[in-house]
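Novice: Sequence:
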Amino acid sequence: MTEFSCENPEEHCDLHACQLQYKDRNAEIDKIFEDPKFVCTNCGAKVHDAANVCLPKPL
Numbered sequence: 001m002t003e004f005s006c007e008n009p010e011e012h013c014d015l016h017a018c019q020l021q022y023k024d025r026n027a028e029i030d031k032i033f034e035d036p037k038f039v040c041t042n043c044g045a046k047v048h049d050a051a052n053v054c055l056p057k058p059l
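Numbering (the working numbering), first residue to last: 1 to 59.
Keep in mind that a hint or two might mislead.
Keeping only pairs whose Cα atoms sit at most 27 Å apart, straight-line, the calculated DSS-like set for lysine-lysine is [stated by the list, open to error]: (1) Lys46 to Lys57; (2) Lys23 to Lys46; (3) Lys23 to Lys37; (4) Lys57 to Lys37.
Hints are computed from structural coordinates only; laboratory data are not their basis.
All chains, full assembly: derive it from the sequences and hints.
Specialist: Listed below in structure tokens is the structure:
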């Protein structure tokens, strides 16, 4: 695993914050970023659920 690898690439889909932060936002997407508990060590996105980022680290 490289420094910028995803922990679960088979599940790496359009619901990861790494991808969502560059898309048009809507209420459903905004919920992922509300009350952040984790940060992605790849892209720096802060999210509520660790499953929404590639390499989560607790805040």
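Novice: Evaluate each hint against the coordinates.
Specialist: Hints and how they fare:
1. In summary, the hint linking Lys46 to Lys57 is supported, as the alpha carbons are separated by about 9 Å, within the 27 Å threshold.
2. With a C-alpha separation of about 15 Å, the suggested pair Lys23 and Lys46 falls inside the 27 Å cut-off, and the hint holds.
3. Distance restraint check for Lys23 and Lys37: the Cα-Cα separation of roughly 21 Å lies within the 27 Å cut-off, and the hinted pair is therefore satisfied.
4. Under the criterion of a C-alpha separation no larger than 27 Å, the hint pairing Lys57 with Lys37 is consistent with the structure, at around 9 Å.
No hint from the list above goes unmet by this structure.
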